[in-house]
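K.L.:
The residues making up each chain are set out below.
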Amino acid sequence: MQVASMHFKSRASEKLADPHLRAALDGLKRRFVPGRAAVMAELDFEATRDAAAAIRQRALDHLDFFLELFERNAAARGTVVHWAETAQDVNSIVTAIAREHGVRKAVKSKSMVSEECALNDALEAAGIEVVETDLGEYILQLGHEPPSHIIAPVIHKTRDQVSDLFAEKHRTARKTDIEALTREARERLRPRFLDADMGITGANFIVAETGSTLIVTNEGNGRMATTLPRIHVAITGIEKVVPTLEDVATLMRLLPRSATGQSISNYVSVTTGTRAHDDLDGPEQFHVILLDGGRSTILASEVRAILRCIRCGACMNHCPVYQSVGGHAYGWVYPGPMGSVLTPSYVGIENALDLPHASTLCNQCGVVCPVKIPLPELMRKLRERQYQRGLRPRHERTALALWAWLASQPRLYAWITAVGVKVLAWMGGKRGTIARLPLGRGWTGGRDMPAPQGKTFRALYASKHTPLSPRERGRG
Amino acid sequence: MAAARDRILERIRGALGRSGPVPAATADGLLARMAQHPAGPRPAADWQPLARFRERALAASSTVDEVETSSAVPEAVAGYLARNDLPRSVVVWPALAQLDWQRGGIEAQARKAVAADAIGITGCFCAIAETGTLLQLSAPDRPASTSLLAETHIAIVPATRIVIGMEEAWALVRSECANLPRAMNFISGPSRTADIEQTLVLGAHGPYRVHIVVVRGC
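Chains as they are written, first to last, in this note's numbering: chain U, 1 to 476; chain F, 1 to 218.
Hints are computed from structural coordinates only; laboratory data are not their basis. Nothing here was measured: the structure is a model prediction, and the numbers come from that model. Ideal Cβ placement from N, Cα and C applies to all residues, glycine included. Among the clues, some could well be false.
Claimed, not checked - Taking beta-carbon pairs under 7 Å as the criterion, some of the chain F residues facing chain U (in silico): (1) I12; (2) Q36; (3) A39.
Could you build all of it, start to finish, from the sequences and the hints given here?
P.N.:
Shown next, in the form of structure tokens:
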């Protein structure tokens, strides 16, 4: 997928002005947020997420060991494990498998890693027909759009927009009932499943002790893709490995609850190896592609905790910025807080300057993360790195340098802030609010700023507290 | 290919501050932990498994019936089909061919399911009370597609095979299967989607209906 993360600010403003999008995003706040809270109450959330974070961290701390173990156990069952350094390598590997085995038609279950690779474009260029089968992803493929959420990819679309799209592309009478739209997609896609030579899926986890891959779906398309075509290709990141099936049980208590407010997803499918000679169904070949694609670089960096991510989407569902602008503003595969950390790490911080700043650091994301990723802290680290590399705009750097200098001159600071609050109080007038702030129009564009009332904090503090005696200071 | 593998592993090791594989002692420790299969924190199981299974299966939009013995299954299935105006021609797992389907007036074919099949009947390896979930393991006489292709999936669940949680299911798999089956599918109710306006619709790509017949006496 093309990276358009440099344009977050302009895109965000555009999205804020879109009433359809606002209506569509309302569903996040109304359904996902309370749904998660209700079903999470069945667990001791803090104890469970401590364990989940430890499982993911243990896997990352010995990542090479668990990947080699996975590879050995998978190979013992006839699975072919491929290693891809880059997204392009993934595309070449899938295309080569398709060519070698005469694949003309492929069906795909939702895979964000394949979005990283723009796999569909590569397969089409190689003359292979590929159909997305997750309802949301299918709608996007019809409309040539990227997903805007990692779990609910068409959260940005209203039912009316889907009705128009189906009527146009399917050349059928326009339906407005969501059940009827879903059935129409099912009837279009069923023959594709039966026809396909290759099923392409992601993997929510890969299990080292058994060499298995695991996918979680509600629609059943993941089961179709892993059962019906003669070749199954699972594409996943190297960070997705977990040691044991019991570790899966712990993580599966958190993943669906965090993602969709379900205590378990409809289908959890664990696949190990290829069909036996007397099996009546299942693929004859099973390929697993392990993508690095920047992950080993993240592992060496100060934001390595992001590799614990299990792609539940809770951070974006609870993010006030995502709730307002939706996923497309973020400009790449992964939106919301996890995207604001991942995208700069994958595509280079110089290509995603706004993303670590696309957050109020309110830590709602950190509070709900099922694997305890300190997202605000990671965004702050990326901001520091941008500053250190001189990537921030000149006016911002000048302003910060000026402020840093001023803050080290206590008397001057006191005098300037005392004058400042008076000026702002005067600007606030009788209403006590400032509607337009010079140099701060971005802030006052959407709200009024309350004018300061009276004195500065330092003046107030000085008037209420007598200085500490040297003895008290020693204790403090 | 091998070069890509080696370079990726080398980068990972570099990131972890090593120049080679994990030291033997560390590897032994990791393997020893894995061999014990430690479980994480679990929600309190302060319920009776069958009652909980039933409650959770209903919450997942399955329907649940109970019979005393497996010989009563065909009639119970026939009753369900009649009540819901469904055809009496069904595909069953070859593993279930020995049941007296004709007794209920059911025309059962023991073979792999195809797209035209309206009703698919399966058993299960075990069922999970915590979440109202069925676990199916694929085998030559237990194909995975039977619970997937038909619009109605009927599953027979012996009450003795209802376990508390996923951890007990894994333990049962380890004790009864020499090798893991190709497919282990956990199924919790009919297929569904909420992709359009977060509105829940049952029957996305898989079954519209999941009906569970619990056999109490086995």
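K.L.:
Taking the hints in turn, state whether each one holds.
P.N.:
Hint check:
1. Because the closest C-beta pair between I12 (chain F) and chain U is about 5 Å apart, less than 7 Å, the hint holds.
2. Against a cut-off of 7 Å between C-beta atoms, the interface hint on Q36 (chain F) is violated, since the closest Cβ of chain U lies about 9 Å away.
3. With a least beta-carbon distance of about 5 Å to chain U, the hint placing A39 (chain F) at the interface is held under the 7 Å criterion.
Checked against the numbered hints listed earlier, the structure breaks hint 2 alone; every other hint is satisfied.
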